[in-house]
Amino acid sequence: VSLELGGNAPFIVGPDMDPREAALAAVAAKFQTAGQDCLAANRILVHESIHDAFVGHFAEGMAALSIGNGMQSEVDLGPLIHRQAVEKATAIVDDAVARGATLVAGDQTRAPGENYFMPTLLTGVTPEMKVWREENFAPVAGVTAYRDEEEVITLANDTEYGLAAYVYTHDIRRIWKLLRALKYGMVSVNSVKMTGPPVPFGGVKQSGLGREGGRSGIDEYLETKYYCLGGLESVSGS
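Numbers given in this note's numbering equal positions in the sequence shown, counted from 1, plus 801.
Worth flagging that the hints you see were computed from the coordinates, not collected in a lab.
We put the CB at the ideal spot given by N, CA and C, even for glycine.
This list has only true hints and no planted wrong ones.
Ranges between beta-carbon positions, derived for each pair:
1. Gly901 <-> Gly1011: 34 to 42 Å
2. Gly1011 <-> Arg821: 37 to 45 Å
3. Gly1011 <-> Ala829: 22 to 30 Å
4. Glu952 <-> Gly871: 36 to 44 Å
5. Lys1026 <-> Asp949: 42 to 50 Å
6. Glu1034 <-> Arg974: 44 to 52 Å
Kindly generate the complete structure, drawing on both the sequences and the hints.
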């Protein structure tokens, strides 16, 4: 049995990263298929030393996205799957703002149709907000500043989900520390692309059971058979 049951991916940005490079990567990781992706980055965790610069570049990258008919090659974001998805995204944003988050961008009066939701950026996101707790499956990005590695590990793991996580840093010590500490089935370092046929796709905690793809995925179709061979010193023949 292999079940994929959703994700709430953290996107961790280390203090050594170029804010623009990391921000544009985060835009790509968040807004693929308008955020309707189980691997989409939902909780963007940025070191406090580069937080403001990162937010500025993220807002610029988000503003450059084109909204419209997803069947057209020049369009970056299409509509959400149905009206209920728009209502859910609206409720998530309203909840965050009511609890103290700052709405940096996301003017829904500019949406080109009833099932569209304009890319939205929230800062000051905290764990009690719906945007932190729920898989929003919409183009809603929440940014949180952190102080040190211990705090960001705690924040990243503070979810019932455990499908995928992203790490952006050039510090090899930090990379290995985070790889070991993050409670996710898949972790991508300095890349927004982590899937493909060789990849054992799947999560931990409430994100699923089993794996699809790769050698681990083949195991789901096999039964283990154990051989116990004794008295080999007396066995003969070819």
